[in-house]
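A.B. asks: Sequence:
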Amino acid sequence: MDNNRHLDLDSIIEEVRRQYEQIAQNSRAEAEAWYQSRYEELQSTAGRHGDSLRNTKIEIQELTRNVQRLRAEIENVKKQNQQLQAAIAEAEERGEMALKDARRKLEELECALSKDKEELARLLKEYQEMLNVKIALDVEIAMYRKLLEGEENR
1 MDNNRHLDLD SIIEEVRRQY EQIAQNSRAE AEAWYQSRYE ELQSTAGRHG DSLRNTKIEI
61 QELTRNVQRL RAEIENVKKQ NQQLQAAIAE AEERGEMALK DARRKLEELE CALSKDKEEL
121 ARLLKEYQEM LNVKIALDVE IAMYRKLLEG EENR
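full-length UniProt numbering puts the sequence shown at residues 1 to 154.
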């Protein structure tokens, strides 16, 4: 009778061990599937933000070229203004009309320059916000990577 009990206990213990191994294997497979799914989600999100960041960088480069072009135009107009002022000194009778015209042009240029400065400030703020979002995403990705590595090390 003692032998039967011993055999029954051995088989019961073996059955319980198999059940726990099956549960552990199922849990491990489920966790790996979840982590893989989350990793793929993060990769996709990072790709979308990377595309957005590239597009923003291209837009900033284009705007920078436009600002440089406008600055060159402003410099050219300033040179023209100096030439007009020299012409005013030579002919005061005609100078009054030329001076008024030059002042009007200068106001337009200063207005354009002011608008460009505001636009540049807005773009810089937008760029900083994008950079902050990118940094936050990089931190989040690093955190998930650490979590994944921690789970793999277990």
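By construction, these hints were calculated from the structure, which means they are not laboratory data.
Just so you know, not all the hints are guaranteed correct.
Simulated restraints on C-beta separations [as the list claims (entries may be wrong)]:
1) ALA121 with ASN81: 49 to 57 angstroms
2) VAL67 with GLU40: 39 to 47 angstroms
3) ARG104 with THR64: 26 to 34 angstroms
4) ALA24 with ASP51: 34 to 42 angstroms
5) LEU137 with ASN26: 29 to 37 angstroms
Beta carbons are placed, not taken as given, at the ideal position from N, Cα and C, and that holds for glycine.
A.B. asks: Looking back at the hints listed earlier, which ones does the structure fail to meet?
C.D. replies: 1
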